[in-house]
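K.L.:
Please work from the sequences and hints to get the whole structure.
Now for the letters of each chain:
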Amino acid sequence: MRARRAVRLLRLGRLPYAESLAAQERCAGRQRAAGPGAAGWLLLSEPAGPVYTRGLRGGPDPAGEARRLRALGAEYWRAARGGLLTFHGPGQLLAYPVLDLRRLGLSLRAYVGALEAAALGLCRRLGLPAARALPPPYTGVWLGGRKLCALGVHCGRHITSHGLALNCCTDLTWFDHIVPCGLEGKGVTSLSEELQRHVTVDEITEPFLDAFEEVFHCTLISHEESIG
Amino acid sequence: MALRALRRVAVSLAPRCPGRGGPFPSARSAWPQAAPARSLGTSALLFSARKFTDKHEWISVENGIGTVGISNFAQEALGDVVYCSLPEIGTKLNKQDEFGALESVKAASELYSPLTGEVTEINTALADNPGLVNKSCYEDGWLIKMTVDNPSELNELMNEDAYEKYIKSIED
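From first to last, the protein sequence lines stand for chains A and B. According to this note's numbering, the first sequence is numbered sequentially starting from 1. According to this note's numbering, the second sequence is numbered sequentially starting from 1.
Please keep in mind that the hints were generated in silico from the structure rather than gathered at the bench. Note that the coordinates shown come from a computational prediction; the quantities given were computed from them, not determined experimentally. Beta carbons are placed, not taken as given, at the ideal position from N, Cα and C, and that holds for glycine. A few of these clues could be false.
Across the chosen pairs, the derived CB separations fall in these ranges [as the list claims (entries may be wrong)]: (1) B:156 <-> A:14: 21 to 29 Å; (2) A:183 <-> B:166: 49 to 57 Å; (3) B:152 <-> A:177: 50 to 58 Å; (4) B:171 <-> A:124: 35 to 43 Å; (5) B:152 <-> A:105: 30 to 38 Å.
P.N.:
Following this line, the structure appears as structure tokens:
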């Protein structure tokens, strides 16, 4: 039986969004230098504070938007990822796979589908079989008309970065100030809302990793050394 | 004179067929393998049939100006393009410099310059109709035009046959 490919797991814990981006960049740099044979990375983190991020496309009034959202007490970042405006904060799992698509044998489109499948795998394990991935422009994982998990990725020289944001016990009122992902009339939700109990990032991490290993046919190896 | 003959041959052997999903017709293997990128006196006469990079961009050169786009393989892999981020006219690019990105299904994918040169035009039709990149990746879905500062760089790119083989090797 062919051994599953190894992917290095980096558990960053709770840290500022900017630091999770920096860690991701370091891994992506190492991955680009190493070439397609090298094992990829999966970075997990939980944002330490509230952050709004806008993707590649920008909005009609980026400076005004930044001012308005910072005035709420959140950070505001532009991210070189697909997707529009979203929120990240405590109680949310950020998963950033830094993988070489050539090694995975996946098109970018199929890779996004695989991320959705990993989130759906988690939902099944938690007893939420009704969770669904929807086609563009509603890419993401939904329960009814409420989005549970948002996606936005970047691909440069075949290496992926950014990834998914899954609401565990996120304070969803932060989403009231934006039209998440530019989708008017759609709601957001969290695992805590759907399961009607307090669900932490820590609680769901292992089942998420199981689902990730299943979808990507890989074995996650904890990476202890610092990647600074 | 020789160059005009070359161009007629190119037109008859390499008809552009927008929207084709399949592999390139084998008639193209008749195209001379030597890279036809020699400048015949002035750079304005520089001409090259479509060449490809390993990152799935293509460039074809006419009158010394290169037109750049992404291949059919690339547009299929991306999915529906919803936004094109392109450089300003006048931007100077070295070969393999990142010059923009295409957004599709929540994914932003970088674009890399096939050659060294300066951006002379960008496809403004893509602002309102980014889907042209999918529907017509070799024709109406072109991304930028640029000067060709080092014609010898064309020799480093793949011709259509070599690119076709490259794609097959990736898919296996």
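K.L.:
Could you run down the list of hints and mark each one as holding or not?
P.N.:
We went through each hint and held it up to the structure:
Take residue 156 (chain B) and residue 14 (chain A): their Cβ atoms lie about 47 Å apart, and the range 21 to 29 Å is violated. Checked against the hint of 49 to 57 Å, the C-beta distance between residue 183 (chain A) and residue 166 (chain B) comes to roughly 38 Å, which is inconsistent with it. As the Cβ distance of residue 152 (chain B) to residue 177 (chain A) is approximately 55 Å, the hint placing it in 50 to 58 Å holds. Restraint check, residue 171 (chain B) to residue 124 (chain A): a C-beta distance of roughly 31 Å breaks the suggested window 35 to 43 Å.
A hinted range of 30 to 38 Å holds for the C-beta pair residue 152 (chain B) and residue 105 (chain A), which are about 34 Å apart.
The structure fails hints 1, 2 and 4 (numbered hints given earlier, in ascending order).
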